[in-house]
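Undergrad: Whenever a hint applies, use it, and build me the whole structure from the sequences.
Order-wise, the sequence lines are chains C, H and A. Here the first sequence is numbered in numbering that gives the first Met the number 0, starting from 0 and rising by one per residue. Here the second sequence is numbered in numbering that gives the first Met the number 0, starting from 0 and rising by one per residue. Here the third sequence is numbered in numbering that gives the first Met the number 0, starting from 0 and rising by one per residue.
To be clear, the hints were calculated from the coordinates, so they are not data collected in a lab. Even for Gly, the Cβ is constructed at its ideal location relative to N, Cα and C. It cannot be assumed that every hint is accurate.
Far from chain C, by Cβ distances over 12 angstroms, these chain A residues were calculated [said to hold, decoys possible]:
1) T45
2) W50
3) A93
4) L96
Covered stretches of chain A (in silico footprint by chain C; criterion: 3 or more residues with CB under 8 angstroms from a CB of chain C, positions within the stretch not fixed) [as the list claims (entries may be wrong)]:
5) 1-8
6) 15-21
7) 30-44
8) 113-126
From the structure, some residues in chain A lie toward chain H, with a derived Cβ separation under 8 angstroms [stated by the list, open to error]:
9) F26
10) V168
11) F169
12) P172
13) K178
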Amino acid sequence: MSFWTHERGLTSWLATRDHKRIGILYLATVLVFLLIGGIFALVLRLSLVTPNNALVDAHTYDKLFTQHGIVMVWLFMIPSIPSAFGNFLLPLMIGARDVAFPRLNLASYWIFVTGGIVVLVALIAGGVDTGWTFYTPYSTAAPTAVTWAVIGVFITGISSILTGLNFIATIHTMRVAGMRWRDLPLFVWNLYSTSIILVLATPVLGLALLLVGADHIWALGLFEPAQGGDPVLFQHLFWFYSHPAVYIMILPAMGVVAEVVSTFSHKRPAWYGAIVFASIGIALVGFLTWGHHMFVAGMSTFDSGLFGVLSMLVAIFSAIKVFAWTSTMYGGRITLATPLLYIFTFIFLFIFGGMSGVAVATTSLDVHWHDTYFIVAHFHFIMVGGTLTAFLAALHYWFPKLFGRMYSEAWAKVACAAVSVGFILTFTPQFLLGNAGMPRRYATYPPQYQWLHVLSTCGAVLLALGMLLTAGYLVVALVRGKRVDNPWRSASFEWRTSSPPPADNFVDAPQLRDTYAYEEVAS
Amino acid sequence: MTARALILTYLLLVALAATSLLVGSTPVALLIAVAKTLLIALVFMELRHAHASDRIIAVVAAFFVLLLTLGAFADVITR
Amino acid sequence: MNNETRRYHLAVWIVIASEALLFAGLFALYWSYRAEVPSLFASGITQDVHWIGALNTFLLLTSSFSIAWSILQTRNGRRRAATVSLVVTLALGAAFLVFKLLEWGMHARDGLVPGSSLFFTLYYLMTGLHALHVIAGMTLVTWVTLRRERDLALPLVALYWHFVDVVWVFLWPMFYLAKP
Numbered sequence: 000m001s002f003w004t005h006e007r008g009l010t011s012w013l014a015t016r017d018h019k020r021i022g023i024l025y026l027a028t029v030l031v032f033l034l035i036g037g038i039f040a041l042v043l044r045l046s047l048v049t050p051n052n053a054l055v056d057a058h059t060y061d062k063l064f065t066q067h068g069i070v071m072v073w074l075f076m077i078p079s080i081p082s083a084f085g086n087f088l089l090p091l092m093i094g095a096r097d098v099a100f101p102r103l104n105l106a107s108y109w110i111f112v113t114g115g116i117v118v119l120v121a122l123i124a125g126g127v128d129t130g131w132t133f134y135t136p137y138s139t140a141a142p143t144a145v146t147w148a149v150i151g152v153f154i155t156g157i158s159s160i161l162t163g164l165n166f167i168a169t170i171h172t173m174r175v176a177g178m179r180w181r182d183l184p185l186f187v188w189n190l191y192s193t194s195i196i197l198v199l200a201t202p203v204l205g206l207a208l209l210l211v212g213a214d215h216i217w218a219l220g221l222f223e224p225a226q227g228g229d230p231v232l233f234q235h236l237f238w239f240y241s242h243p244a245v246y247i248m249i250l251p252a253m254g255v256v257a258e259v260v261s262t263f264s265h266k267r268p269a270w271y272g273a274i275v276f277a278s279i280g281i282a283l284v285g286f287l288t289w290g291h292h293m294f295v296a297g298m299s300t301f302d303s304g305l306f307g308v309l310s311m312l313v314a315i316f317s318a319i320k321v322f323a324w325t326s327t328m329y330g331g332r333i334t335l336a337t338p339l340l341y342i343f344t345f346i347f348l349f350i351f352g353g354m355s356g357v358a359v360a361t362t363s364l365d366v367h368w369h370d371t372y373f374i375v376a377h378f379h380f381i382m383v384g385g386t387l388t389a390f391l392a393a394l395h396y397w398f399p400k401l402f403g404r405m406y407s408e409a410w411a412k413v414a415c416a417a418v419s420v421g422f423i424l425t426f427t428p429q430f431l432l433g434n435a436g437m438p439r440r441y442a443t444y445p446p447q448y449q450w451l452h453v454l455s456t457c458g459a460v461l462l463a464l465g466m467l468l469t470a471g472y473l474v475v476a477l478v479r480g481k482r483v484d485n486p487w488r489s490a491s492f493e494w495r496t497s498s499p500p501p502a503d504n505f506v507d508a509p510q511l512r513d514t515y516a517y518e519e520v521a522s
Numbered sequence: 000m001t002a003r004a005l006i007l008t009y010l011l012l013v014a015l016a017a018t019s020l021l022v023g024s025t026p027v028a029l030l031i032a033v034a035k036t037l038l039i040a041l042v043f044m045e046l047r048h049a050h051a052s053d054r055i056i057a058v059v060a061a062f063f064v065l066l067l068t069l070g071a072f073a074d075v076i077t078r
Numbered sequence: 000m001n002n003e004t005r006r007y008h009l010a011v012w013i014v015i016a017s018e019a020l021l022f023a024g025l026f027a028l029y030w031s032y033r034a035e036v037p038s039l040f041a042s043g044i045t046q047d048v049h050w051i052g053a054l055n056t057f058l059l060l061t062s063s064f065s066i067a068w069s070i071l072q073t074r075n076g077r078r079r080a081a082t083v084s085l086v087v088t089l090a091l092g093a094a095f096l097v098f099k100l101l102e103w104g105m106h107a108r109d110g111l112v113p114g115s116s117l118f119f120t121l122y123y124l125m126t127g128l129h130a131l132h133v134i135a136g137m138t139l140v141t142w143v144t145l146r147r148e149r150d151l152a153l154p155l156v157a158l159y160w161h162f163v164d165v166v167w168v169f170l171w172p173m174f175y176l177a178k179p
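TA: Structure (structure tokens):
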């Protein structure tokens with residue numbers, strides 16, 4: 000009997016302590032937030048088809064891009080892969096019956112939902128127009144629902160910290176007997192690196208947002224230049240979290256890439272040690288780069304130079320990973336299934352976005368590109384594109400694991416093409432727009448930019464259609480999909496138990512086995 | 000953790016606190032605070048005998064507190 | 000150390016690391032502003048009530064000792080002595096809060112409230128956040144005092160209590176002793 004049918008009724012879900020059910024709850028919740036954030040994005044793009052507010056007025060536009068950012072960053076991307084797939088897979092991958100603190104895990108989910116609802120309340124209470132970055136001094140004086148939004152994000156932060164804590168404790172103390180650190184699947188290593196960032200960076204964001212909230216209510220003037228305050232210091236606190244937050248999103252995505260590449264090449268991952276080293280390296284170096292968001296904010300040239308150089312270090316670790324993934328594929332028996340196709344898109348976006356990242360880390364060049372569409376395109380390529388394609392790869396790769404059913408590969412490939420082409424078409428014109436001088440966060444623009452904006456909007460529509468198609472065939476697969484157990488013939492630990500897994504994960508006591516034993520599978 | 004170690008540590012902490020009342024200079028006051036922290040962490044919090052992972056967490060936490068403080072501070076003093 | 004004990008110790012250390020970073024944000028603001036406007040901090044430190052700062056340091060250091068003492072007694076099987084030590088810890092925590100409130104009241108009477116200057120905004124934010132942690136710590140100490148089984152929980156609560164003490168060890172010189 001699988002975990003789906005083991006217990007029935009609404010309470011058996013809402014009060015479950017089973018990490019698999021909590022993972023499913025997270026998955027359903029983040030998909031709702033993806034839809035909400037996606038609709039905001041689509042309205043923004045449609046409104047930009049003409050130079051003068053085709054759809055919404057300027058103030059609504061400000062609120063829409065703010066809410067798009069808040070929902071996508073804190074309610075979709077941060078929890079997407081770690082909380083949904085991480086929760087479901089982590090214990091399965093290390094041969095545990097559950098996470099270290101199952102009750103805390105459930106609490107973490109409900110705290111997340113509470114935070115999400117408070118953020119949506121901010122939307123109903125008039126919306127927020129500060130941008131997702133809540134920059135002071137505007138955010139402390141803005142006549143919009145800033146307080147609701149920062150409280151909502153603060154609450155989701157508590158959930159992040161608890162999830163990170165739970166994952167670290169699980170990886171340290173719940174591994175199957177005999178499993179050493181160097182036996183851990185790469186996805187687990189990436190969850191571990193992400194968890195370190197979650198517990199160390201999130202409290203700083205929480206503090207920064209609380210200060211904005213307190214300032215907004217009581218007018219403390221902590222960041223108000225008229226009262227002697229220094230707005231740049233807020234940016235230090237904000238980016239101390241929000242830059243590593245990029246790695247909260249991308250590290251689990253890299254874990255998915257490593258697993259998918261290995262499974263669909265039917266080959267042991269190349270350079271296991273290097274990938275592990277690079278994962279931890281990114282988590283640590285990611286903390287040394289926050290100042291590169293502040294080159295034109297009035298930060299000292301000393302800090303700018305320092306942070307610029309340190310930022311480029313991340314590229315080294317990232318490159319190690321890209322080479323490791325490609326050499327895993329080299330000489331493998333490759334199956335071109337949908338998850339791997341999404342990974343190809345991931346690698347393309349990652350290289351392109353990463354290279355533009357090195358470019359914008361150069362202080363002199365950043366002065367030209369800062370606050371233009373170039374930056375928007377850069378971080379959508381690497382952070383959003385990376386997370387989204389890896390999320391979709393994970394969704395397709397582990398769909399049979401979660402539900403025990405198979406989706407339509409033919410439709411999936413069509414959708415994958417639409418999503419990939421749509422995404423690239425949306426953001427490539429934005430690189431050009433930014434380089435030509437179009438600033439970000441503007442509702443209107445001079446007519447010479449129109450053709451690029453129209454191209455970008457066409458891409459966004461194609462992307463939306465691809466996502467819609469994905470939702471369609473996955474729902475069909477949930478009901479009518481062929482029953483399967485291990486359709487990819489993966490050797491990974493999580494596939495060694497049945498699909499979907501039984502309520503306590505393994506029928507017999509799990510035995511330590513090599514996660515990547517493709518030599519045996521092949522023979 | 001022995002009675003003797005606890006009492007000695009406590010006396011040392013009080014002595015350090017008394018010293019910092021006499022000396023007003025910032026570096027000395029901070030050094031004394033660090034010394035007190037080490038005493039509390041190693042003896043009272045039993046970090047001396049703690050599992051390696053707990054000790055690593057303590058060191059990493061201290062490092063990140065310094066990193067954030069110094070990162071912002073370095074900006075302000077070099078503007 | 001068995002697996003359960005280890006798991007809980009790890010969790011509490013992670014919570015402490017996380018809390019430390021929460022305070023780190025305020026530390027960063029304090030030292031940066033202090034470098035920007037040293038005169039404000041020099042005069043602010045003069046205005047703080049020095050005897051209360053010193054007394055409160057003494058109270059919290061003593062409470063750290065008493066909670067460590069209660070662990071020792073628990074390990075030696077002397078439950079009653081451990082309970083006495085825990086009650087002393089609570090009393091010291093409560094005394095700390097009383098004096099802190101007294102000092103805030105004295106400042107408020109002089110018109111030194113949050114928002115009156117950067118120094119005092121930071122002062123209230125940091126000592127206020129710390130006082131909230133003292134209250135949280137006292138809640139935990141009360142809980143563990145009333146518990147039948149203390150072997151696992153008491154050392155964990157004590158870790159948190161010591162952490163709250165360590166934060167004060169730094170707040171004391173920053174707000175009462177070390178003038179720029």
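Undergrad: Which numbered hints does this structure break?
TA: none
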